[in-house]
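J.: Each chain, written out:
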Amino acid sequence: MSSQATPLPEEGRLRSLVDFYGTMMRTSVVSQLQYRVAQYFYMLGMVAEPVIYLVVWTTIARQHGGAVNGITVGQFAAYYIVWTLVRNMNIVFGAPFWEWRIREGRLAGDLLRPLNILHYDLAFFAGWKFVVVALWIPIAVGLSAVFHPDLHPSALEIVVFVAAIWGAYFVRSMFQATIGMLNFWTTRGAAVFDLYMATEMLLSGRLVPLKLMPGWVQTLADFLPFKWTFGFPIESLVGSLSTRSLLLGLGAQVMWTVIGYVLFTFAWRAAIKRFSAVGA
Amino acid sequence: MSTTASIIHVSELTKIFKVPEREPGLRAAAKSLIRRKTRDVHAVEGISFDIEPGEVVGFLGPNGAGKTTTLKMLSGLLYPTSGEARVLGHIPSRREKDYLRRMTMVMGNRNQLQWDLPALDSFELNRAIYRLRRADYVAMRDELVELLDVGDLVRKPVRNLSLGERMKVEIVGSLLHRPLVLFLDEPTIGLDVTMQKRIRTFVADYNERHGATVLLTSHYMADVEALCKRVIVIHHGRILFDGDLSSLGNEFAAYKTIGVVLEDGDARLDDYGEIVDRDGDRITLRVPKADTSRVAARLLSDHEVLDLTIEEPPIEDVIEMVFAQSR
Ligand SMILES: Nc1ncnc2c1ncn2[C@@H]1O[C@H](COP(=O)(O)OP(=O)(O)O)[C@@H](O)[C@H]1O
Ligand SMILES: [Mg+2]
Numbered sequence: 000m001s002s003q004a005t006p007l008p009e010e011g012r013l014r015s016l017v018d019f020y021g022t023m024m025r026t027s028v029v030s031q032l033q034y035r036v037a038q039y040f041y042m043l044g045m046v047a048e049p050v051i052y053l054v055v056w057t058t059i060a061r062q063h064g065g066a067v068n069g070i071t072v073g074q075f076a077a078y079y080i081v082w083t084l085v086r087n088m089n090i091v092f093g094a095p096f097w098e099w100r101i102r103e104g105r106l107a108g109d110l111l112r113p114l115n116i117l118h119y120d121l122a123f124f125a126g127w128k129f130v131v132v133a134l135w136i137p138i139a140v141g142l143s144a145v146f147h148p149d150l151h152p153s154a155l156e157i158v159v160f161v162a163a164i165w166g167a168y169f170v171r172s173m174f175q176a177t178i179g180m181l182n183f184w185t186t187r188g189a190a191v192f193d194l195y196m197a198t199e200m201l202l203s204g205r206l207v208p209l210k211l212m213p214g215w216v217q218t219l220a221d222f223l224p225f226k227w228t229f230g231f232p233i234e235s236l237v238g239s240l241s242t243r244s245l246l247l248g249l250g251a252q253v254m255w256t257v258i259g260y261v262l263f264t265f266a267w268r269a270a271i272k273r274f275s276a277v278g279a
Numbered sequence: 000m001s002t003t004a005s006i007i008h009v010s011e012l013t014k015i016f017k018v019p020e021r022e023p024g025l026r027a028a029a030k031s032l033i034r035r036k037t038r039d040v041h042a043v044e045g046i047s048f049d050i051e052p053g054e055v056v057g058f059l060g061p062n063g064a065g066k067t068t069t070l071k072m073l074s075g076l077l078y079p080t081s082g083e084a085r086v087l088g089h090i091p092s093r094r095e096k097d098y099l100r101r102m103t104m105v106m107g108n109r110n111q112l113q114w115d116l117p118a119l120d121s122f123e124l125n126r127a128i129y130r131l132r133r134a135d136y137v138a139m140r141d142e143l144v145e146l147l148d149v150g151d152l153v154r155k156p157v158r159n160l161s162l163g164e165r166m167k168v169e170i171v172g173s174l175l176h177r178p179l180v181l182f183l184d185e186p187t188i189g190l191d192v193t194m195q196k197r198i199r200t201f202v203a204d205y206n207e208r209h210g211a212t213v214l215l216t217s218h219y220m221a222d223v224e225a226l227c228k229r230v231i232v233i234h235h236g237r238i239l240f241d242g243d244l245s246s247l248g249n250e251f252a253a254y255k256t257i258g259v260v261l262e263d264g265d266a267r268l269d270d271y272g273e274i275v276d277r278d279g280d281r282i283t284l285r286v287p288k289a290d291t292s293r294v295a296a297r298l299l300s301d302h303e304v305l306d307l308t309i310e311e312p313p314i315e316d317v318i319e320m321v322f323a324q325s326r
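From first to last, the protein sequence lines stand for chains A and B.
Quick note on numbering: numbering that gives the first Met the number 0 labels position 244 of the first sequence as 243, and the sequence is numbered without any gaps.
Quick note on numbering: numbering that gives the first Met the number 0 labels position 261 of the second sequence as 260, and the sequence is numbered without any gaps.
For the record, the hints were derived by calculation from the structure and aren't laboratory data.
Please read these numbers as outputs of a predicted model, since none were measured by experiment.
There's no promise every hint is true.
[Stated by the list, open to error] Here are the simulated DSSO-like pairs of lysine-lysine, each with C-alpha atoms no more than 30 Å apart in a straight line: (1) Lys272/A to Lys96/B; (2) Lys36/B to Lys272/A; (3) Lys36/B to Lys17/B; (4) Lys272/A to Lys155/B; (5) Lys288/B to Lys228/B.
Chain B on its own, in the form it takes in the complex (with noise of 0.2 Å):
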């Protein structure tokens, strides 16, 4: 596959941490004193893929599953112990200025505002820091200030702000020097769902109207749903899946939903799958992949059948029958 296109590549990326063993007791420490054990974390084990310009792409993984790692190596904040990381022709370990300039990195639990003073106030030093004109500072500022509705809160000293209000103007303050690349870690941590909602969208409109490149993790579905076309799917280190987030169901699911209404309602249908709701007239069926079509023409000769709907299982569902398939 060529790579000459892609805006993000990464072949054969590897980060293994190695952590000071403690054992306890006196003996073990003062032993430890003359020779330090280490233990060695395989955060990122030889992970390899391409991200063309404009691509929204989710990065899913439980809690430990090397998202995070792989995001700072990108971003520059962490060397890889082996392979090769390249973000638009550059090699990001060597935080070359030219760079930092175009690219930005949120991480939902980190703050880089000045605590005690007005957003704008913080702007305007980063305004400086990515040598941005002023018109297209200003330009820049005015636009996302306003995507994201934050025309009041840019004047509040930071310490002053909720968490999601805080997220917001720091997202704005993250994007003044209109960045070609984003990472983003876990944005929307911690949010409730309206400013959830408020910042995917924000996402997708920056997305589209400067055609900025999107690397996002999340722990929330919904997220990666309405913005990733396409998933990375991560765990222990290792890539499991790496496509369209409509054929991950395809792939992984074991099963699918059969959604019916009879015009009997009190019919038995235990024999058919297993009965995972029922919702006034409405029965959800679970149905393992290969028997969904069988079991819904059974349904449909046995029974006066009013509606009958056939549906992948939610993804949370399938991301987690793809972490249990690999255990």
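Only chain A is shown next, with the shape it has when bound in the complex (with noise of 0.2 Å):
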């Protein structure tokens, strides 16, 4: 028996991980185009929610002399048009998810590699994002063409814009990951995984521009995290934030991803106990 095992020499950790998302972000491409057919079924059924609410205030601004609350019907466009860019980006890994993960064994698996999961997740939808904005052009261009919208973005809010939907990207699958881990202990995840959705509806601009809703739920907003999922980078590429408006919700979106980050750790250490002990 030889048994000189000697494990092989590691790669720089950093180095390691840039390739990691490198690979992983080609590899998400490839397939992901596989399935372009079906993705873009998919976008064009998205679409149809932001139609609708276009097509709302729209009828409601044209009723109120052009204009709700100071939101014309050129900008109503361009809000609802940027979301269905905003809403691709902050697709991500939810609740359902997990409960597939789990129930199709594929955790375990997961486990046995020596990367925190997160990065898998994180990077895998980070590829896939490219595939899916490739697609979303068309689809803007046609919008544009048939809604009109007014939309004139300085230089500044094209940088902060393309920043902040990344920004969205972060913070949603941090919130989402950790409630996908209610998955290990509940078959019931899904009504949390429906509540999050519901607040995020209205507390995050996907519905309304928070700008048309009162005063306090405009205040509650601004201390959760679920605008700077939606309305944030829809507004800092639509609306007029001032610069520092611009800057402070791209430290707001860091510190919601920080918070996030920390939830989930805490979540997951929880949830890997609870699964190492039942089992797979």
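Dock chain to chain to rebuild the complex, using the hints, since each chain is given by itself in its own frame.
T.: Encoded structure:
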């Protein structure tokens, strides 16, 4: 027996992580491209939601002499068309995915690998976003032709927007993954997930631009994570936020990402403890 | 016994699952909302063993014996209820990255490769996950691909591969980081005989080349016979036997088989032992172990014997006897 078994030398930590993200994103682009047709139908279905909001608000605005609370028809169009991009960016693995991952016995394999599980999901969807955005462009062109958005962003707004859609992605990833942890204890995690989605609907700017909400709702939204995943990125491009508000917004996204990460880490540790006790 | 040299050290390892007890009926369902009744399943009950570097050990036992549960505790997927496990100096349940980088667990019925992509793409991902240097990765990948002869298969989407082909590329993916310890849970399950052989040879080669330690379970005795000098037999979560495969028969077989070819092909041999086979001139008798030499001597003196062999019963039968004796 030749027992000179030695482990292979390790590549540097950071270098490997960058390498992982690069490889995973490439992998995910390739695999998602195989599903581009399905992807497209999915996106068309998704676009129905903002188009309904847009038609409703456009109608109301027309009845009120072309604007609601100072938001014009063209601005509504800009808001909800940018909405479609933000929505594509902030789709992440949520509670249903975690349910699947556990049920299908996928988790065991993931746990055997020497890498934080968040990296898989973040890297996978990060790659997926490039496919999605490419597919989104023609939809945006089509919507613009129909609804004539009033959109004149400055260079700074564009830069902040590009950062903010990734910020939205990270914030939402952390919170959705944290909720996903409920699946380890209950088969009724979906109820909490639905509650999250309903709250998000109202407090994020997804259903209605926050500007149209009562003052106290807007204040409440400032102090919760939801707005930073929808309303803020949209308004960074569409609205007329001050430079200060733009930068504060990015700061809020960083803060919520960190808070979400800490929450996830606690939840994940407890979840793994539970999982390793009851088995897969 | 010193345990410093052993690569796997297991002492009084125990796993008890608490499973919810469901009674039929509405009333019971309502009651269970308030206090959930559970039942204890003793999957593994205080097992102990040590495995030295480079050993290939077969882990045998009927369905539900606790083999998978043990392997899951050793790979860090399950916390033990009590007892101790140490592998490569690590406590598996802590799942330290240094540990995970040095071991692998292959489950015959699981798939970790990306379904829609060629295995090569998944291999690249593993390279990054296991922090391999490119040169090491390429060398290891090419070696494994050659050993398992999967050069063409790794370029096809995994979903287009047959079960056996998938298992082979799965194994390549699981070994790219050149683990020092391999846990193989039914790696050949559901595969045809040729494929089983191929994987068997591969495990032997890998062990030889890299001095890796292997703990494997299999339904197929042929796997164990070909690979393992040592076997651990487990039943109802307890160890029944731990030692050389060759001595398993000595210890547990209640009988041996005597094969004879007689000059007089029509001779009646009923009262020498139970006739289990008659193949041409060759007659196979089953004889209680203690009587073997006496019966052989009688045969030699009573008949004109052309050939006579005394054999241990097939290992499958021995294993069956082991389990039968422990019921
Ligand atoms: N996650 C689990 N929850 C409850 N019981 C389990 C679980 N996993 C295994 N068991 C039980 O533990 C025993 C041992 O199972 P296992 O280790 O899978 O056996 P083997 O691999 O030897 O067939 C069986 O009775 C099985 O039903
Ligand atoms: Mg099993």
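J.: Evaluate each hint against the coordinates.
T.: Each hint tested on the structure:
1. Straight-line distance between C-alpha atoms of Lys272/A and Lys96/B comes to about 17 Å, which keeps the hinted pair within the 30 Å bound.
2. Taken as a hint, the Lys36/B and Lys272/A pair is honoured in the structure, with Cα atoms around 21 Å apart against an allowance of 30 Å.
3. For the hint linking Lys36/B to Lys17/B, the alpha-carbon distance of about 9 Å falls within 30 Å, and the restraint holds.
4. Proposed proximity of Lys272/A and Lys155/B is contradicted: the alpha carbons are some 38 Å apart, above 30 Å.
5. A distance of roughly 23 Å separates the Cα atoms of Lys288/B and Lys228/B; the hinted pair therefore holds under the 30 Å criterion.
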